[in-house]
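The hints should help you fit chains G, W, E and A onto chain X, whose structure is shown.
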Amino acid sequence: MIPGADDAITRDGKALILAYDHGLEHGPVDFDPVPETTDPATVFDVATHDAVTALAVQKGVAEAYYPEYEEDVTLLAKLNGTSNLWMGEPDSAVNWSVDYAAELGADAIGFTFYGGSNHEVEMAEEFREAQEAARDHDMGVVMWSYPRGQGLKDDTSASTIAYASRLGLELGADIAKVKYPGSEDAMSWAVENAGNTKVVMSGGSKTSDEAFLSTVREAMDGGADGLAVGRNVFQRENPEAILDGLEAIIFEDASVEEALDANAALEADD
Amino acid sequence: MIPGADDAITRDGKALILAYDHGLEHGPVDFDPVPETTDPATVFDVATHDAVTALAVQKGVAEAYYPEYEEDVTLLAKLNGTSNLWMGEPDSAVNWSVDYAAELGADAIGFTFYGGSNHEVEMAEEFREAQEAARDHDMGVVMWSYPRGQGLKDDTSASTIAYASRLGLELGADIAKVKYPGSEDAMSWAVENAGNTKVVMSGGSKTSDEAFLSTVREAMDGGADGLAVGRNVFQRENPEAILDGLEAIIFEDASVEEALDANAALEADD
Amino acid sequence: MIPGADDAITRDGKALILAYDHGLEHGPVDFDPVPETTDPATVFDVATHDAVTALAVQKGVAEAYYPEYEEDVTLLAKLNGTSNLWMGEPDSAVNWSVDYAAELGADAIGFTFYGGSNHEVEMAEEFREAQEAARDHDMGVVMWSYPRGQGLKDDTSASTIAYASRLGLELGADIAKVKYPGSEDAMSWAVENAGNTKVVMSGGSKTSDEAFLSTVREAMDGGADGLAVGRNVFQRENPEAILDGLEAIIFEDASVEEALDANAALEADD
Amino acid sequence: MIPGADDAITRDGKALILAYDHGLEHGPVDFDPVPETTDPATVFDVATHDAVTALAVQKGVAEAYYPEYEEDVTLLAKLNGTSNLWMGEPDSAVNWSVDYAAELGADAIGFTFYGGSNHEVEMAEEFREAQEAARDHDMGVVMWSYPRGQGLKDDTSASTIAYASRLGLELGADIAKVKYPGSEDAMSWAVENAGNTKVVMSGGSKTSDEAFLSTVREAMDGGADGLAVGRNVFQRENPEAILDGLEAIIFEDASVEEALDANAALEADD
Amino acid sequence: MIPGADDAITRDGKALILAYDHGLEHGPVDFDPVPETTDPATVFDVATHDAVTALAVQKGVAEAYYPEYEEDVTLLAKLNGTSNLWMGEPDSAVNWSVDYAAELGADAIGFTFYGGSNHEVEMAEEFREAQEAARDHDMGVVMWSYPRGQGLKDDTSASTIAYASRLGLELGADIAKVKYPGSEDAMSWAVENAGNTKVVMSGGSKTSDEAFLSTVREAMDGGADGLAVGRNVFQRENPEAILDGLEAIIFEDASVEEALDANAALEADD
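Chains as they are written, first to last, in my numbering: chain X, 50 to 319; chain G, 50 to 319; chain W, 50 to 319; chain E, 50 to 319; chain A, 50 to 319.
Worth double-checking, as some hints may not be accurate.
Identical copies carry no separate label here, and so any pair may be met within one copy or between two of them.
As the list claims (entries may be wrong) - Pairs of lysine-lysine residues, derived as DSBU-like cross-links and limited to a Cα-Cα distance of at most 35 Å, are as follows: (1) K202 x K255; (2) K228 x K202; (3) K63 x K228; (4) K202 x K63; (5) K255 x K228; (6) K255 x K63.
Hint data in this document are derived by calculation from the structure and do not stem from the laboratory.
Okay, chain X solo, but in the shape it has when bound (with noise of 0.2 Å):
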């Protein structure tokens, strides 16, 4: 990491990014429950919120939509991905050069690394280049740092996230993604193995709002420096209620119950 490279896409030294690159992960399957999602142009309308540091999207997404968002929306070039109709040993494509994603105007990579994978030699060999072009153009790098492949029994143990955490910092991420690993203590191991490189918490599959905003609120309070979400907030009916009940955490520090109240304030307001 390099001090100050992720200003872009934090504010006061948080983030909250959302991600929106499930229609080539998991398919059209994820917008199901809030079938709107479908339209791009509606997170876009979300990730408009105060409470948004930045959007990940794929390239299709950014050329056909960031334009018409790029003064609201900082955009995070999420540079590789796979879809889940392929089943091998986990691995991903780079879609996306960074020079392209510099043009149309990203302010930070995101770049998928799973250690332990077979593939893991060539993903890292993929993120330097990845990260070194970054740097060329000033830009972020955001890494998702998912231990997976056959030699792991275990890819959310406190120790897993701690190493995966650690690999952002060691390979050169500014900001680390890791898997929320259970507790707040394991979550603090994790963030002071990451040294410098920021840790952010992934949202994960849709959860209550309380279940959701308690596990974000350990992890800040484990000293993470923010969340990186998607389905936990597009797949709800009021995405903007939850986002201000994460904002009042993340970038207020605010209890659960507080949160709770502001998500509970705007959604009487509906």
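The following block gives chains G, W, E and A in isolation, referenced to the frame of chain X:
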């Protein structure tokens, strides 16, 4: 997709792409029904029909025949393709560079992508290079999005086709060419998943006039932006007739009956 | 193919290519019948015969012998090839860059393509690079189109050879070199499938004068544009005699009997 | 090796390289003995000790921490490395380009080479590129020469280590880092095989002060040019003390007893 | 081959190449017979003998020792090579770029080619790049042509060696280094197959003075253009003596007896 990038290969936002790369993909057998179609000039003549917005061919065919038709035919450079003499896990060779396609006068590129194949990652990366090179040349990008491979049980299910069209959007195609998913509703779902990327139905193997036009009508009713067709045009004795019918449906919103009339009228003129 | 690209290696649109890359492909055993042919100079001398429109050799042979013959021999740079010491799925190493072939004075390139091999995709992509580089140098392109590999049961069936010549057209060869498919009709089908790409028959292993000339006559009657031959010329004691016969058939439309007379006349002169 | 190329990372021709890439290679577990060492700043502080001639870290750690220490620490850019989450045949990803290492201020590169691995050929070619790029930047080259892989039964035998150091010489390293082969004689053999390439002993896993210093003393007596050490320094509560002892042996030719005294003196000062 | 390209590494058209890459290929064991040869300087001294027309070493050895000998030794840059710690299907890593070899002052390159190996295609393509780069630098090209691999039953049969030398010619080597095929006739066949490419016999493992000189005499009688030798020179206590004998045979057409006398004379002088 980039707004307007497909203008050269569409009319009023609709496409009728005539595809003629069967000599590579299937071999001489596809010319058996109408032996004259072995000669590319025959199909270039067909492509001068007003209804046809672009003709998709491989490099060698373009080199040899396009120069004589450049006033009357819009060239879509089909970049990759593989013979069916080879029978491995779905893959496709890149036979044509984008730079050379532009030099020969192509207005757009076509690229087959087999999501779900063990070669998906490699093909996605080849698509990236082609797509970004096409952007440099202001050429449109059409993805033949055909999920296929050892992990796929049903490659024309509604969810597979919706995923296929979504891959076109996510990876940066201006137009996604997908197989017909069997119903207007399924086509509609696929179209929604493509967002601003246009969707054209793939013509498939030859059927009767009525059956074919009915399917195209359903696809258009489902929101498709047109058709990419080969055998269902050039394997007919009178390809102009079916093109008249297709023109009526695609560009004039005709019913199947009206289209069959247009078709019959021409055949009667013969 | 590009009209005129093969002019340097044809006469009146017909080709008689003398191939001499057997030292690489088969090893010394092919020189046993006429040991003098071990010395490339012997075959370069043969290639000065008026009937020969081009001599196909590998890089090293061209470097060592072509400079002394550049006034009298047209060089066809055979770019790829592999020893038969190696016995894997058909593949061929690219031993010569197009730039260097041009520097050495070659007027055209030759490239083996094994459609149907597990290496088909890779070979097609190597062919793409070579073909496009040849275009930059205004060099002709000859494809040795030899379907071969684990999926092919009969590599000289009529449909396989028609597919082979079609691959030459689709992928951008000016001339496709194919094996004789066994009859005039089959050759005719192959020629039709090649469109504007020329088709030359591959000479194959040595047969009697009459058998060989008869086959060439049939191929020409089937519409072939000439011959590419190695062993059936240089494995004869008097290669000039058979070249006289071939010249009569290919360029003067002679019958087999006339060709045998031309042949005999020369042999009598010896 | 090139005479003088290692000057920036040696003193009087001797090297004491502090290695701290364990976060990548082994993960957080290596920081358990002294949790403060999870923070790279702690180890950079240790590296300011006069005895340390260079600090070897991965790119991300260098980006984040080296700028604050550039006056006091000499940077050795460890270019490759892989997590132990992955458990295949030994290999190592190239995570850092030489150009970028030079840009960040590194004076030398470090590169792991697993002779005997099924990836040996590939790693040797990656080493070639790195080594030659380092020459362009006048940077020293240190090879972590660790024979390893399915064909190796004993990777610390005298003959294996002598081969390992020879590989450093043959392939162009200025310094070869090898495991201790078990005796002064064996080390001497390894040193002879390295010719003008310097040889440093690899520190290995943590042992007692006396055992460790005795081994280093033996290595130096065998002709080694120093030490590259990680855990045996930073896994101690008082790394400065052991560095005093190492300095005495490596640079002042002290006996083990004298070194232990130096060590004890400092510990007493604490 | 290009006439004259080997002038810098031959005398009167004959070559006596001293090879010293055994530290990489075989490891320290090859230095056991004469331990002083572990030190490359010892062998560089031997290479100053008038009989030696070039010394073949790997990059690292050239970097470290050649600068002091550049007035007295002609450098042949052995570009590829692999340790015997690795035991897979024959392959060889390219450890040295031609550009850097030229920069270090090499007059020619050496390249191992394992025809028949499953890596033959890849090695041929690496050879292509090296050979053509050497042409750009006006450097000679020596191929270590060693058919080897799973398909080869007898790698020193007459037909295999004749094929090996032919591969040198076909692929563009100025000199082919082949194993001795067992008789003068077999060597003669190999020489004929190499055409204008020179052929040098490979020295092989150490034998007695008489046996070795007799073999070299036979090879020269068979038309060989010299010798490339390592162990049969440097594993002798008095390498100058055997070089005197070799000089007599190779450059002065001496008999074995005369050569042994030359050899004995020198040994008596010691």
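task = May I ask which of the numbered hints given earlier this structure violates, with the numbers listed in increasing order?
result = none
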